[in-house]
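Colleague: Taken in sequence, the protein lines are chains A and B. Numbering (my numbering) for the first sequence: -2 to 359. Numbering (my numbering) for the second sequence: -2 to 359.
If you're looking for bench data, these hints aren't it; they were derived computationally from the structure. The structure displayed is predicted, hence computed values, not measured ones. Some hints here could point you the wrong way.
Note that the list lumps identical chains together, so a pair holds whenever it fits in one copy or between two copies.
[Stated by the list, open to error] Pairs of lysine to aspartate or glutamate, DMTMM-like flavour, derived with a Cα cap of 20 Å:
1) Lys(-1) - Glu10
2) Lys324 - Asp343
3) Lys326 - Asp343
4) Lys324 - Glu347
5) Lys324 - Glu115
6) Lys324 - Asp268
7) Lys(-1) - Asp84
8) Lys324 - Glu105
9) Lys324 - Asp355
10) Lys(-1) - Asp15
11) Lys(-1) - Asp18
12) Lys324 - Asp258
Protein chains: 2
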Amino acid sequence: MKRTSALLADGREIIYFDDTDDAVRELNDPRDLPAALTASEIRHDVLLDEWVAVASHRQTRTHLPPTDQCPLCPSRSGHHTEIPSPDYDVVVFENRFPSFAENVPDVEPWLDAAHVMERRPGRGRCEVVCFTSDHDSSFAALTPDRVRTVMEAWVDRTVELSRIDAVEQVFIFENQGPEIGVTLTHPHGQVYAYPFVTPTTSQMLAAVRRHHDRTGHNLFEQLLASELADGSRVVTENEHWVAFVPGSARWPFEVHLYPRDRVADLPALGDTERDAFGPIYLSVLRAFDRLFGVPMPYISAWHQAPVRSDRELAALHLRLFSIRRDKDKLKYLAGSESGMGAFVNDVPPEQAAASLRDALQQ
Amino acid sequence: MKRTSALLADGREIIYFDDTDDAVRELNDPRDLPAALTASEIRHDVLLDEWVAVASHRQTRTHLPPTDQCPLCPSRSGHHTEIPSPDYDVVVFENRFPSFAENVPDVEPWLDAAHVMERRPGRGRCEVVCFTSDHDSSFAALTPDRVRTVMEAWVDRTVELSRIDAVEQVFIFENQGPEIGVTLTHPHGQVYAYPFVTPTTSQMLAAVRRHHDRTGHNLFEQLLASELADGSRVVTENEHWVAFVPGSARWPFEVHLYPRDRVADLPALGDTERDAFGPIYLSVLRAFDRLFGVPMPYISAWHQAPVRSDRELAALHLRLFSIRRDKDKLKYLAGSESGMGAFVNDVPPEQAAASLRDALQQ
C-alpha cells in the first residue's frame, strides 16, 4: 500500500491510497478554483440536548451530474475532476461542500433572554472516499484486496482526523442508492469529523455506562454473546467477525458486523482482523443485492469510540441497513419515527436474517 | 358537535364527530370482514434504551389504492368502505393494520444468555382520523369550524386512549404527501397510543427535568420566552398561540406551535385556545404550500405529556416540518442523520422563518 498526499487548487487536501507500492500519481491540480466558502455552525437543541449543524452553503452542492461530468472520476484531457490524476485505486479528499470545516469563521454567541440557547462554529472536517476509479462499479463489486486498501484509508483518516483539536468523533460511512438521496453515483463513501459526540453515540455510551455501573459487564460484549448463543439472527461469521440482524432491528434489513474481540475503533484492529473484514462484508453486501434482485439502497455506518471520552466502554462495529422493505416498497420515516423516534419495523428480524442466509447461499 | 360511536363488522370501533348536533349516521357495517390478525410486539433496544415495534402483519397493508376504491371515502351503493355512512364530517376508527392493538397475543419472554434482551406484546391502539369526506381536499383546505371539530376529536381520543391500561403516551399526527410515504391520499391523520413513552418524549423530558433541577425553571417556558424576545424566527402569533422556527431546527422548514400558557396536553386547553388554534395553524399550512408553489409534504406531530409520568414538566406543542428543501429537492435522512442522529440542515432557521412570513402575506 502506498500513501501519497497533495493539495487541490483551492488548498483542500487529497490523499491517494494505492494497492501497490509502485503507483505514481499526478499531483498537480491545474484548475482555477475559488476558495471554498464554508459557513457552518452548530446549534444546541436544548430540549433534546443534541447538536444540530446548519450549513447553508450546501444548498448549491452538485446534484446528480451527467456521467461525463462526474467529479469523482479520474481527470482526463479536457475534463478536470476533483482527482487530478489519470487513474487511482482509492483516493480521499476534503469535501468541497462540507457540513464541517477547520476554517469556518467564529459566530456571535447567542444571547437569548434565558441563556438557554447556544451556537458555535461548525469546526471539523468532511472528506470523500472514492473506492475505485471505475464509475460504474460499486462497493459490492470490489475485490477483497481493494477493500483491504479502503480499510487502510479508513484507519488513516480516523488517526489523522482525531488529531484535529475541534474533532470529537470520526464517522466513516457510505450512502448507496438514489432512494437514500445519493447525489453522485460514482462509488464513494464519506468521513465526517464532528465537533461533538454524535447523539446516537452519546445515547449508546450512556446506556453502556449505566449497565457497566450496575453489572460490571460490557453491554456490547454481552449482546454479541447473546446473539451468538441464540443464533436465529446470525447471518454469517468467520474467524474474526460476526454478522447478525439485531433482535431489536429498526430497519427492514439491518445487519451489524462486530469483530469477535471488542476494540474501540478501526486503528485498534489487528492485521488479521483487517484482512478478514473484506470477505465477510462483501458477502453480506452481495446478499443484500440478491434479496429482491434489484440493487439495495443502503447506509453503512462505522460506529467508533469518541476521540476523547468513553473509549474504554465503546465497541467498534459496522451497521448496514436498507430502507427497502420489499421489491417495490420502501420504508419511510413518517410520524412515529421522525416525530417521536419510535420505529415500527414490518419485517421481523428473524425473518430478515433467514432471507439473508438464503441469499448468501445463492 | 355530535359524537356517535358504533362497531365495524370485525369489531373495531368507529366514532363520528359531526360539526352540528343534528347529523344522523348509518351505523351498520354490512361487510363480511374477517377478524383482523395483529401480531405486534415491542423489543427493547438495550444499546439505545429505546423500544422498537415489530408488526409483521403490516407488510400487506393497503398501498395507494385507486380513488374509486378509497377505504376512507363514505360508503356508497356498491362500494362499502371503512366508513359505513354515506357522509361524515370527521370520523375516527381503529386502524385495520395497526402497529399496536389491545388484543395482541402474549409473547414468549426472551431468555438470552446475559438477560439483556427483552420483548413484550405490542399492546396499545392505532386509529385513523378522517378530516373530511371530500377525497380531494386537504387539511389546509378545511374551514376553521371544521378544524374545531377535529380538535374535539383529538381531545376525545387523548382522553379515551389514556384510559387503556397498557397505554403510556397518545400521539396525534398527520403524514402528508407521497414523499413522506403516505399510502392513502384521502385527507386523514392518525393516533398512536403507545405501550411506552416514546424515545423523543423521554429524551426531551429528561432534559427538561435536568434543567428544572438545576435552575428551578421550566425549559419549555424559557425557550418560548427566548424565541418571542428574539423574534427573528417567529412566523406568526395570535392571542393564544405562537408559531416559530426553532433556533436549532433539524428540518429545512420546521414550525413549532405553542399555546402561550403551558399545558400538559390537548384536553387541558381551554375553549378559547381550542377556538384560536385553527386560524393560526391553517395560515401556517397555507404558507407552507405557497413556499415553492407545490404542495409541501409534511409531518405534523402533537407533543403531549405521557399518560402517567412527568406531566408537570411537559408542554403541549405541535411540530410541523417538511422534508422539502427546495422546489425540486428533498432532504434525505442519510448517514449522518440515520446513522448517528446528527442532523445537518441546509436552510438557516432565520431564513426559513423569513420565507414563511413572506408566504403568509401572499
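Colleague: Are the hints correct? Go through all of them and say.
Modeller: Quick rundown of the hints versus the structure:
no.	hint	verdict
1	Lys(-1) - Glu10	within (16 Å within a copy, 68 Å between copies)
2	Lys324 - Asp343	within (14 Å within a copy, 32 Å between copies)
3	Lys326 - Asp343	within (11 Å within a copy, 28 Å between copies)
4	Lys324 - Glu347	within (19 Å within a copy, 41 Å between copies)
5	Lys324 - Glu115	neither (45 Å within a copy, 31 Å between copies)
6	Lys324 - Asp268	neither (38 Å within a copy, 49 Å between copies)
7	Lys(-1) - Asp84	within (14 Å within a copy, 73 Å between copies)
8	Lys324 - Glu105	neither (50 Å within a copy, 31 Å between copies)
9	Lys324 - Asp355	within (16 Å within a copy, 43 Å between copies)
10	Lys(-1) - Asp15	within (5 Å within a copy, 74 Å between copies)
11	Lys(-1) - Asp18	within (5 Å within a copy, 81 Å between copies)
12	Lys324 - Asp258	neither (36 Å within a copy, 49 Å between copies)
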